[in-house]
Amino acid sequence: MTPFAYRRAQSVDDAVRLGMSPGAHFLGGGTNLIDLAKGGVVQPLLLVDVGRLPLADVAATPEGGVRIGAMARNSDVANHALIRTRYPLLSQALLAGASAQLRNMATVGGNLLQRTRCPYFYDTGFERCNKRVPGSGCDAIGGINRNHAILGASTACIATHPSDMCVALAALRASVRVHGPRGERTIALADFHRLPGDTPQRDTTLAQGELIVGVDLPPSRFADHAHYLKLRDRASYAFALVSVAAALDVRDGIVQDAAIVLGGVAHKPWRVAQAEALLVGRAASDDAFRAAAELTLQGARPASQNGFKVELARRAIVRALQVAGGQA
Amino acid sequence: MSHSDAPAGATRRGFLQSAGALAGTPLMAAHANAAPVSPAPSAAAPASLTLRVNGRSQLLQLEPRVTLLDALRDNLGLTGTKKGCDRGQCGACTVIVNGRRINSCLSLALAHDGDDIVTIEGIGQPGHLHPLQAAFVAEDAFQCGYCTPGQVCSAVALMEEVRRGDCSSVTPDVRRQGATALSDAEIRERMSGNLCRCGAYANIVHAVRLVANGEGLA
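If you read the protein sequences in the order shown, they are chains U and B.
Position 24 of the first sequence, counting from 1, maps to 24 under our numbering, and the rest follow consecutively.
Position 79 of the second sequence, counting from 1, maps to 407 under our numbering, and the rest follow consecutively.
So here's chain U without its partners, still in its complex pose:
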């Protein structure tokens, strides 16, 4: 690691002020940032430790939703009674990620800000990576790209977002509350992460100095019919090749609302509103699930080694919806 200064933020305002200095990074659990610093991928000048800010609560809101503090640890969120009972999809997704040790460290804010696990980004031995060194090129295109994006990629970057939590949050229509130099604002989860385009160095729509202070979950009718399906090369402690957050609100046999979000296939959680809408107003059936899967994967463009992900994702969507609907 290159030398850096360390400051513990005394308040959110203090953190935002410190976060405006050049080369400053917010430090939560450190599970990704310290790893990146060790590899020289990130060379911070200042780490602003926000891990002890009083933002770790998980609390019900008067509207029937839940507000999660940004410093709540992944394990605490996954095991919180409110999350387990009202948003089991989020518990499942969190528990599918990392290991018990890492979940005890990782914060919700940090999970939202995870960097890609693309090996060309993660290993500074590779000279070319548009995300790490803008303008240098992308060796994943035409290189080792079995784990890479099949949707929403660009000619500059085919990296994927590695988070499981964010896939569930997208399905649950969460929003992210951030505090910055100009006060607080709320960003819909769908708008929080971005597609790479020609600026893949930017993962999110956050501005310099903006600190994530929490995640809001609106009231949900998905608790009875939700499933997070994660497919990977080993049974545990690995990133997804493809994951699906699937949820249905079924009343009197008719789907009232549906959520289908893919992980591991794009630069952000991948959601196609028309595919979800296709399930609404009719009975849950395999035919409908297959049609929704087809629509979600529309426009998929695999790289040289990850063509298998298209069919895998189609089948994973159908399977996840079947389990969510109680048919499997």
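Fair warning: there could be bad hints in the mix.
Claimed, not checked - Covered stretches of chain B (in silico footprint by chain U; criterion: 3 or more residues with CB under 8 Å from a CB of chain U, positions within the stretch not fixed):
# : region
1 : 411 to 417
2 : 462 to 474
3 : 480 to 493
What the hints assert, rightly or not - Just so you have them, the derived chain B footprint on chain U, three or more residues with Cβ under 8 Å:
# : region
4 : 33 to 43
5 : 90 to 101
6 : 105 to 115
7 : 293 to 299
None of these hints come from the bench; they were simulated from the model.
Idealized CB from N, CA, C, for every residue including glycine.
Chain U is already provided as a structure; the job is to place chain B on it using the hints.
For chain B alone, kept in the frame of chain U given last:
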């Protein structure tokens, strides 16, 4: 602290010890032995912190880059905690901080000022083994033993997690509250953050199961 910094011909242990002395030493020792401190950029100036390790308060002065793992091993001499991958992928560095198991390699020591830390040295000692350590011996749950301190710390924390009803990704229904039965599938999933390259997994599961059975968790 890359290997290329080591002078030619230096032994690994000698290098690690001198690097440890440069990175920070317990305050008492620093006064007694005024080791030359490398001219670090002022941004990375050492700061003092207190760690409560295995019940003992330890005052340290460390520069910001020192991980909890390196502080334990190089500055406090607690070499039971092992450095495997040093990147949060193997679990050899697992210690218990404020009751929670974590990877000490991905955590800065300064972030733990005031924290209560239990390492393998605080879990059991020769002649006074923790039940899990005894079970690892009884079930032959290791070959080389390098991952074992992390495995044992992890398993100790796992027992507490099960007692308070935490679920895992193989728990059938996360909506059901209360104690979870510790099946072999649950043990494997909950121990998946600790790799064993000798492949003693089958017997590690047996050892954890043995203790869980004794405590009525399985």
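Each hint tested on the structure:
1. 411 to 417: With 3 residues in contact (Cβ-Cβ under 8 Å with chain U), the coverage given for the region 411 to 417 of chain B holds.
2. 462 to 474: violated (count 0)
3. 480 to 493: holds (count 5)
4. 33 to 43: holds (count 4)
5. 90 to 101: holds (count 8)
6. 105 to 115: violated (count 1)
7. 293 to 299: violated (count 0)
Checked against the numbered hints listed earlier, the structure breaks hints 2, 6 and 7; every other hint is satisfied.
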